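> Next come the chains, spelled out residue by residue.
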Amino acid sequence: MTSSHSLEVADLTLGYDDRNIVERVTTTIPAGEITAIIGANASGKSTLLRGVARLLKPRNGSVILDGKAVHDMRSLDVAKVIGLLPQSPVAPDSITVGDLVSRGRYPHQGWFARWNAEDDKAVGDALEATGTAELVDRKLAELSGGQRQRVWIAMALAQGTDILLLDEPTTYLDINYQVEVLDLLTDLNRRSGATIVMVLHELNLACRYADHVVAMRSGGIVVEGRPNEVITSDVVQEVFGLSCDVMPCPRSGTPMVIPLGRHHMAEREAVRAG
Amino acid sequence: MTRTAIAPAARSFRAHRRARVRWGIALSAGLAIAVVVIFVLSMSVGSVTVPPLDVVLATIGSPTEKWHTFIIYELRLPRAITAVVVGLALGASGAIFQRLLRNPLASPDFLGVSSGANVAVVAGFVLWNLTGYQLSTAAIIGGFATAILIYVLAWRGTVSGYRFILVGIGISSLMASATSYLLTRATISDAKAAMSWLIGSVGMAKTSDIIALAVALVLLLPASAFLGKRLRVLELGDGTATALGARVTLDRLLLMLAAVILVALATAAAGPIAFVALMAGPIASRISPRADESIFRAACVGALIVQLSDMTAQHLLATPISTGIVTGFVGAPYIAWIIIRANKSGAAG
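Protein chains in written order, with the working numbering: chain A, 1 to 274; chain B, 1001 to 1349.
One should not assume that every hint holds.
As a list, the in silico DSSO-like pairs of lysine-lysine whose alpha-carbon atoms are at most 30 Å apart [said to hold, decoys possible]:
hint, chain 1, residue 1, chain 2, residue 2
1, B, Lys1229, A, Lys80
2, A, Lys121, A, Lys57
3, A, Lys139, B, Lys1192
4, A, Lys68, B, Lys1229
Treat the hints as calculated values from the structure; they're not laboratory data. Owing to the predicted nature of the structure, the values given are computational and were not obtained by experimental measurement.
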């Protein structure tokens, strides 16, 4: 099932209280690809994702799913197409893995519909895909950070949406778990053609794992496109205010950002001097 | 074999889910039976003991002895019914608030809904000499007005659990001061009557209160399966709930409305019986770790707490005391325990 849904952001303005955080952003999310939204803190990247996920009402413009504004659609209909893993999801203390993942089926359960074999299959597949099947009886609170994040992803997968939004899915995770989560998301994208949009903090991992990057600064998009084409030292300077070298990663060939600080730059200085 | 093959993960999940459902049904049935058993026992004991079987026979209208009918119908049945309906309402209401606001301290006792009802009743009694159903109406209006006030003050585009609880605790103290002020203005006999209402007792409920509460329960408890489904996603936070297709603001408002109706009617009937709403939900989920949380089971635990407290209040000492005194004795250590436990797990609040 290659994602056949189109997702666009048209002239979108979002904000809290009296401040606009995202100003008139327009972009098209490439279907069936992994998109990473990058930018410094307060650049509006999480706000943009929250706007797409309907957690914020647009002040201007709209989020368009298959030609219709999502805010005009029935919430349950949108929930069958777009899933979200928020930045710090919360759950009751004593919840078990099986219970949590099964709650992802909510949009498929009508008013009086009973749980059926299709629901069992969707939850089973989600547990299988995230390698959490043997954890069903365990309490969420007892798991490691990496396991917990996989369980949350399983819940979002059980929702069975073609588009999955993730707000910083790797933040607060150890580096090994960060790679594990990104590998898992890539598996999902390759296996089912799901469209994945995530906010990522880690620039090098974003460049490696994303097909498409959207770089934001002060509420607007600075540049977007394939990491190989758009991530340059000038762009990083503009987006993060960081001087850096960008060179291809020796293993993946994707751009690798090497920050230049004021210290420990001996080799470069030597090269320049020589 | 014509059965389609099921992936191992789906099979192990299905086993997990079915086990939870079975546990849930077994525990719900067990609690419901316990409520019925205590219901009969509470009518059996007293100055004259009526054997449980005779209680049942007298209740269904074919007494073994004529005088059983008088004792059961006139003296003990109203009190026993009150304990059950008030307990069910408080238990359900507390569990809804606690899960909605994701905090074990978020019960209507602490959120000021009960204290709003208190002020209205004491004001009605002391200032305007209201009586009977007028006081019940005052309790309901007071409870609702306070709930609306808290909701409006805590509203910032959305309702955060902490904000709601803090505003609720503030309003609750304000209402307590208002109640104290009214009491200082009252005559001694009025103040004494008001104080006994403020402690809360099953014995003082009027038939009209019980009927109103019973109707609310008949409508709202079956709705709890339906409400429970929404609660299951709302308790995952606004972000996840919205993404799952819940209409967060509307659903939360409906759940709070149900909880406020129940607690206001229960308070109108029996006064603010302390700590029942606070304890019922957590006890219900503690005895059923292998089942999904359920509003029905919290309601049953609430009923059991009120039934047992009222039996203790009536029969432990030579002279009967108010139900609220017994629940207060049980509730105070319970709160200390919650706070100690929260500190231990590093999640105080």
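> Take the hints in turn and mark each one as holding or not.
Hint by hint, here is what the structure shows:
1. With a C-alpha separation of about 17 Å, the suggested pairing of Lys1229(B) with Lys80(A) holds against the 30 Å cut-off.
2. Taken as a hint, the Lys121(A) and Lys57(A) pair is broken in the structure, with Cα atoms around 34 Å apart against an allowance of 30 Å.
3. Between the alpha carbons of Lys139(A) and Lys1192(B) the distance comes to roughly 50 Å, so the proposed pair goes past 30 Å and is violated.
4. About 28 Å separates the Cα atoms of Lys68(A) and Lys1229(B), which keeps this hinted pair within 30 Å; it holds.
Against the hints set out earlier in the document, violations occur for numbers 2 and 3.
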